[in-house]
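J.: The primary structure of each chain is shown beneath.
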Amino acid sequence: MSHPAYRIIPPAVCCILLACPATAAFAQLLPVELIPPAFELPGSWFVVKPLLLLTFFIHIILVNILIGSTIYAFFNSLRPLGTGVNTSNSDTAFIPKILALAVNFGVAPFLFLQVLYNGYLYTSSVLMAVWWLSIIAVVMLAYYALYIVNSGVPAALAQRRAFLGLIACMLLYTAFVWSTQTSMMTRPESWLRWGQNPGGTLLNLGDPSFIPRFLHVVFASVAIGGLVAAWRGRLGSKKSVAEQTVSAEHSKNGLYWFWTASLCQGVAGIWYLFALPPAVRAFFLGGNSLGTAALVLALLGLALAVFFALNSRLTATSAAALGIILIMVCMRDIARDLALVPYTKATAAMVKPLPVAEGQHIALLFFLVCAVVAALAVVWVLRAAFRAYRQTRLLEAEE
Amino acid sequence: MEYPFWFIPGISKSLIMACIAVLHVFVAQFAVGGGLYLFWMEKKAHALNSPILWDWLKGHTRFFLLLTMVFGGLSGVGIWFTMTVINPAGTSALIHTFLFVWAAEWTFFLVEIIALLALFSTYPFLKNGTLKASTHRMFSLIYAIAAFMSLVLINGVITFMLTPGQSLATANLLDAFFNQSYLPSLVFRTALCCMIAGMFALFTASRLSDSSLRRMVIKDSSLWICVPFFILICASFWYYAILPVDRQLIIMRRTADIRPFVIAYGWILPIVLLVGVIAFGRAQRLRRPMAVLIVCTGLVLAGSFEFIREIARRPWLTPEYMYSNGITPEEGEQAMQMGIDSVSPWMRLAGQQSVENPVLMKGEMIFSQQCSTCHAVDGPRLNIIPRLKHFAPHGIPSQLTGQGRRLEYMPPFFGDATDREALSAYLNSLRSH
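Protein chains in written order, with the working numbering: chain A, 1 to 399; chain B, 1001 to 1433.
None of these hints come from the bench; they were simulated from the model. Just so it is clear, the structure is predicted and the values come from calculations on it, not from any experiment. Glycine included, every Cβ here is placed at the ideal spot set by N, Cα and C. A couple of the hints might just be wrong.
Said to hold, decoys possible - Estimated spans, in silico, between C-beta atoms of each pair:
#1 A:Q28 <-> B:I1385: 31 to 37 Å
#2 B:R1259 <-> A:D333: 46 to 52 Å
#3 A:Q28 <-> B:S1429: 40 to 46 Å
#4 A:L297 <-> B:L1015: 46 to 52 Å
Build the full structure now, drawing on both the sequences and the hints.
T.: Here is the structure:
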């Protein structure tokens, strides 16, 4: 009876109501009662939250590149032969590396997300356990399928097409499950369904913001996939006439994909905004000056990005796109916190002490040192590898 | 009890975890040992300057990348996902305790990925001379160090769960991380990593076309199995000796949950040494089926060890902090005095559903919450149905009352008399299965 929910209804009244069979049946659990208590944070919120946002920013860009480039490669393979578009492995050779990095850069925000929102995240994980666990196998299959495609084993174009379509579906399924996870964790009111279905198969399709949220990911991926294709066109080899044609096609198609998908993204974004709970929506629509400024900046950024893309200004388009993604990552985080305000306020007193609290600052320092050392090692390796790559390209050009 | 539980009666939840974890740890240990192996073998290939050996090394690196980066990396994430579903309370406690340790481990994962991708992608640059051999070796050394550091860090978390020592009293992270079984576990695992690296090298080397090179690589790879084996044996004894007496007793008890794995471990040790010696002695004639068999012995060795380590924690997830079903002693005490519904809002939610037999339904949910971490209903593992035959119908409530005292490897039953009756009714209803 010490649960904060009972501040809403006094315990004595609850006892009387529950004692009476006629009223006990109506004493439904409140969603706030289902929220597990949180632990204290092992580090300052001002350290953990920025780390979450930074690592998620990198992760979502990689995810957008991964899904978008796969969809681009699939649609590229649908075009009839003889159009001059190269449907060889150049479309997909880099994608497995992106997948490896996307998974790696997903680990870090997943760590920080668990620490900040474990009560919400783990609960929704259990409620959708079957779907949640399935994405490991699905992503693994997609990963191996990408390597198979790149090995040239599906020699016929139709087989390659089928593989690429399947991989794109698997990645979109993964995005669908993640969208379910991140939306269900912000809706404790939907957790009450567990009583009727504890088998781990719940989804969140009843949430009005779910479909626009998922479409937001899809259109963003298509847009970024197009941008990547445009960069491949700009930086790709142009030794032969065929390669020059391919590069020109990628440059043109890529930017076309970017601005059409971005316009769709704008529509989906507005739909998403108006599907959010009123209190969350109001924050970005005049309720808060910073929130409103962020939304205005994002829309301006979108307009700029489309303008630059229409004028084939690739670098400016990319800069605008990165800016929009950064703003969106922050807005998304604020929207999540706002949606959870009624629950976080009610459960604020339930924070549990850490089982092991001392020495956390040493671990944080160690992590920061490792991050610096890792960054230096990564930079050194990449510089050495790219130096050799550039020298190889020069040698090939001389030949 | 603060979290919902995943209702899947037909399989024990710990078995799901075990399948993913054993496969992941096997491949991850290959990643660690394989990194050291690649660095060592590359030095040899440079000294011999054999194009065939370089080609084999490139092929082995590709195999290494496909297995460790794809399967190893994703199965590691799979362990996270499974932990959050099967024991969210335990996972929450661990992540809040070791957040920055895991974050540091992540930085080494990033280095591993970049270094391994660079290592594999730059083989052509070695050939055309645009990349120095020493630089390429540096890639493999950086990878090997990063992989070893990830083992150094995760080892602290894994060993804490078995031997938290004084850390729960001192509440100090360094006590938790550098606990009593940290060092023997690190030595044991490092030896095992090297052995697994040797086994997988046999797998790819068995197809080398040049017979003298195949003989050399197989002999060298066999030494990677045989030499660390003796370190592994010593570390096994060290590990066991350092455990608290109650953990040692759990390992040596003759119950069906752990005994098969102890026996398997005892038998597989000499078999692993034997196959390593055979591979060394018959290097010229080693073929792929034999190499596959050798890899399988490694899987049995790693798997039996991991099962023993996990089961040795029983009835705890972390001794004195949380039981294996995710319930803390404090929650359990309250549930015993005031009933499960007083502690678990999810049980109250389940109780609000209109069903034909609410008592049976409650019993089924209590089983799912408290028992299904280890026990399945008519499925793998530790199927509860045959175990019920040891009790008369009126004996089950007594068993539940004494659980945790008579059967020390099981958590106590956490519930009041009404809850006990409900679970007893459910268990009795299973007798007809």
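J.: If a hint holds in the structure, say so; if it does not, say that too.
T.: Hints versus structure:
no. : hint                           : in the structure
1   : A:Q28 <-> B:I1385: 31 to 37 Å  : holds (35 Å)
2   : B:R1259 <-> A:D333: 46 to 52 Å : holds (51 Å)
3   : A:Q28 <-> B:S1429: 40 to 46 Å  : violated (28 Å)
4   : A:L297 <-> B:L1015: 46 to 52 Å : holds (51 Å)
Consistency note: the structure conflicts with earlier hint 3 alone.
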